[in-house]
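**Q** Using the sequences and the accompanying hints, generate a full structural model.
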Amino acid sequence: FLMGSKEPFEVRTDHRKLQCLRNFVCQNSRQARWAFFFSQYDFYITYIPGSQNILADALSCRYPDCTPAPAQPLQEPNKIIGVAQSFLEEVQLEYSNLSDDEVENLRPLLHKRQGYYYYHDLLFIPTNRVREKALQMCHDSPVAGHRGIKATQELLSRFFWWPTWKQDIETYVQ
Numbered sequence: 001f002l003m004g005s006k007e008p009f010e011v012r013t014d015h016r017k018l019q020c021l022r023n024f025v026c027q028n029s030r031q032a033r034w035a036f037f038f039s040q041y042d043f044y045i046t047y048i049p050g051s052q053n054i055l056a057d058a059l060s061c062r063y064p065d066c067t068p069a070p071a072q073p074l075q076e077p078n079k080i081i082g083v084a085q086s087f088l089e090e091v092q093l094e095y096s097n098l099s100d101d102e103v104e105n106l107r108p109l110l111h112k113r114q115g116y117y118y119y120h121d122l123l124f125i126p127t128n129r130v131r132e133k134a135l136q137m138c139h140d141s142p143v144a145g146h147r148g149i150k151a152t153q154e155l156l157s158r159f160f161w162w163p164t165w166k167q168d169i170e171t172y173v174q
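Residue 41 in UniProt numbering sits at position 41 of the sequence shown, and the numbers go up by one each step.
These are computed hints drawn from the structure, not numbers from a lab. Errors might be hidden in some of the hints.
DSS-like, lysine-lysine: derived pairs with alpha carbons at most 25 Å apart [what the hints assert, rightly or not]: (1) Lys-112 - Lys-133; (2) Lys-133 - Lys-166; (3) Lys-133 - Lys-150; (4) Lys-112 - Lys-150.
**A** Here it is, written out as structure tokens:
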């Protein structure tokens, strides 16, 4: 964009020796090669003392590398485990609140393992109260990102199941 320009452009520098490039007063063959290369451009060089060339100094000076601050976990693992443990305790408590008819209707779909009911490998969430908490974890939490219906369905379907989970997510997110 500078080669072949109709107007000459200005190069401002605090390196006085560069003026020889345009004057062709070169002391060695390296300077002569650079002078020949730059002869393709229509420009003039203006010398500016370094003390007045503050902008160039800011762009060209190398500053010492900063050492990055050590990374901090977003949440302590024990807090996350504590939240999960608390939620699992609530789920287990709600299992005892299920009526015999509800358990009997779901028995063909669920299997019990270590005190919890599972649909395949997904934790069965028994009641609306803990379903609401599961929805909050998979939609409202900072980790979930408060995203839309499909993203919430995708996240919840990795861990939890109940018969009306898809419809409940749509209602909750809207």
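**Q** Would you list, in rising numerical order, the hints stated earlier that this structure does not obey?
**A** Hint 4 is the one this structure does not satisfy, whereas the remaining hints hold.
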